[in-house]
Amino acid sequence: MQTYETTILSDSEHSFQAIVVPARSMPSGEDSQSDLIFKALELRRLHDATPTNLARDMAVLLTPGLMAEELSDRLIRAANLGSNEEPSLDDSKFAELICFDTAIPFENSPLSAESLAKLVTHASGPAIGAFVAFVICGSTPLLFVAVPAGMLICGAAKGVATALEEGLKKKLENWLKPRKPSPTMHTLRPKKKAEA
Numbered sequence: 017m018q019t020y021e022t023t024i025l026s027d028s029e030h031s032f033q034a035i036v037v038p039a040r041s042m043p044s045g046e047d048s049q050s051d052l053i054f055k056a057l058e059l060r061r062l063h064d065a066t067p068t069n070l071a072r073d074m075a076v077l078l079t080p081g082l083m084a085e086e087l088s089d090r091l092i093r094a095a096n097l098g099s100n101e102e103p104s105l106d107d108s109k110f111a112e113l114i115c116f117d118t119a120i121p122f123e124n125s126p127l128s129a130e131s132l133a134k135l136v137t138h139a140s141g142p143a144i145g146a147f148v149a150f151v152i153c154g155s156t157p158l159l160f161v162a163v164p165a166g167m168l169i170c171g172a173a174k175g176v177a178t179a180l181e182e183g184l185k186k187k188l189e190n191w192l193k194p195r196k197p198s199p200t201m202h203t204l205r206p207k208k209k210a211e212a
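Taking the working numbering, the leading residue of the sequence shown gets 17, the next gets one more, and so forth.
Heads up, a few of these hints could be off.
Stated by the list, open to error - Below, computed lysine-lysine pairings styled on DSS-like, alpha-carbon distance capped at 27 Å: (1) Lys187 with Lys55; (2) Lys55 with Lys185; (3) Lys186 with Lys55; (4) Lys174 with Lys186; (5) Lys109 with Lys174; (6) Lys55 with Lys134.
What the hints assert, rightly or not - Distance ranges between label pairs, derived from CB positions: (7) Ala39 with Leu105: 33 to 43 Å; (8) Ser44 with Lys186: 17 to 27 Å; (9) Glu86 with Ser44: 35 to 45 Å; (10) Gly81 with Ser44: 38 to 48 Å; (11) Ser128 with Asn96: 31 to 41 Å; (12) Met83 with Leu127: 27 to 37 Å; (13) Asn96 with Ser155: 17 to 27 Å; (14) Thr66 with Leu105: 19 to 29 Å; (15) Ser44 with Leu105: 42 to 52 Å; (16) Asn69 with Thr23: 19 to 29 Å; (17) Arg60 with Lys174: 17 to 27 Å; (18) Leu52 with Ser104: 33 to 43 Å.
Since the hints were derived computationally from the structure, they do not count as laboratory data. The structure displayed is predicted, hence computed values, not measured ones. The beta-carbon is built from N, C-alpha and C at its ideal position, and this holds for glycine as well.
Go ahead and model the full structure; you've got the sequences and the hints to work with.
Structure (structure tokens):
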């Protein structure tokens with residue numbers, strides 16, 4: 017079981033944290049389907065994420081100083097194309113750096129850095145098990161990305177830390193814990209006595 021954590025800080029108040037789970041650490045089979053991951057990690061879908069709106073939505077998600085409830089409302093409004101609310105220039109610049117710089121460790125044999133935009137583009141495609149959405153974890157909005165190579169949970173560093181404290185860390189550990197095969201019963205038969 018292995019995960020990668022990355023934190024990116026700016027000169028301003030902006031911060032970003034990502035938790036990456038490579039596919040080899042994830043449970044195989046049905047347990048890796050997005051609806052079962054959501055149930056195991058107690059994630060609630062807020063709205064879908066798309067490559068087209070990723071930088072704008074991430075600018076909202078990474079806005080420093082917003083309370084979790086206000087952040088959720090702003091993310092939903094940002095998803096509404098009719099919203100006139102624009103993120104600040106500083107928020108937008110940091111979000112673009114996070115989205116387009118190759119700074120997220122992702123295991124595509126071997127481990128290499130990927131951009132968030134590339135991962136979201138892959139998750140928006142037709143691959144089986146691929147999924148991308150903004151979610152609520154505990155009280156915190158985060159971005160969830162699942163692709164065949166693994167999954168990513170990310171957001172503002174403070175938000176990820178809050179989610180981990182509210183139980184995400186324990187839920188991840190329980191979900192990633194290797195499953196022990198169920199013991200099979202063997203019927204013991206007495207040995208035949210040798211005939212004299």
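Now the hints, each set against the structure:
Distance check on the hinted pair: lysine 187 and lysine 55 sit about 10 Å apart at the alpha-carbon level, within 27 Å; holds. A threshold of 27 Å between alpha carbons decides the hint, and for lysine 55 with lysine 185 the separation of about 15 Å falls inside it, so the pair holds. At roughly 14 Å between alpha-carbon atoms, lysine 186 and lysine 55 fall within 27 Å of each other, so this suggested pair holds. Distance hint between lysine 174 and lysine 186 is fulfilled; the C-alpha atoms sit about 18 Å from each other, no more than 27 Å.
Our distance criterion of 27 Å between C-alpha atoms is met by lysine 109 and lysine 174, whose separation comes to about 19 Å. This hinted pair checks out: lysine 55 and lysine 134 have alpha carbons roughly 26 Å apart, not beyond 27 Å. Evaluation of the 33 to 43 Å hint for alanine 39 and leucine 105 yields a pass: the beta carbon distance comes to about 37 Å. Against the hinted window of 17 to 27 Å, the Cβ-Cβ separation of serine 44 and lysine 186 comes to about 22 Å, which satisfies the hint.
With their beta carbons about 39 Å apart, glutamate 86 and serine 44 fall inside the hinted range of 35 to 45 Å. Between glycine 81 and serine 44 the CB atoms are about 41 Å apart, so this pair conforms to the stated range of 38 to 48 Å. For the pair serine 128 and asparagine 96, the supplied restraint of 31 to 41 Å holds, since their beta-carbon distance comes to about 36 Å. Restraint check, methionine 83 to leucine 127: a C-beta distance of roughly 36 Å satisfies the suggested window 27 to 37 Å.
Between asparagine 96 and serine 155 the beta carbon distance is about 22 Å. The supplied range of 17 to 27 Å therefore holds. Evaluation of the 19 to 29 Å hint for threonine 66 and leucine 105 yields a pass: the beta carbon distance comes to about 22 Å. Checked against the hint of 42 to 52 Å, the C-beta distance between serine 44 and leucine 105 comes to roughly 45 Å, which is consistent with it. Remark: the range hint 19 to 29 Å for asparagine 69 to threonine 23 is upheld by a beta-carbon distance near 24 Å.
Between arginine 60 and lysine 174 the beta carbon distance is about 19 Å. The supplied range of 17 to 27 Å therefore holds. A beta carbon spacing of about 38 Å between leucine 52 and serine 104 agrees with the range 33 to 43 Å that was offered as a hint.
Checked against the numbered hints given earlier, this structure breaks none of them.
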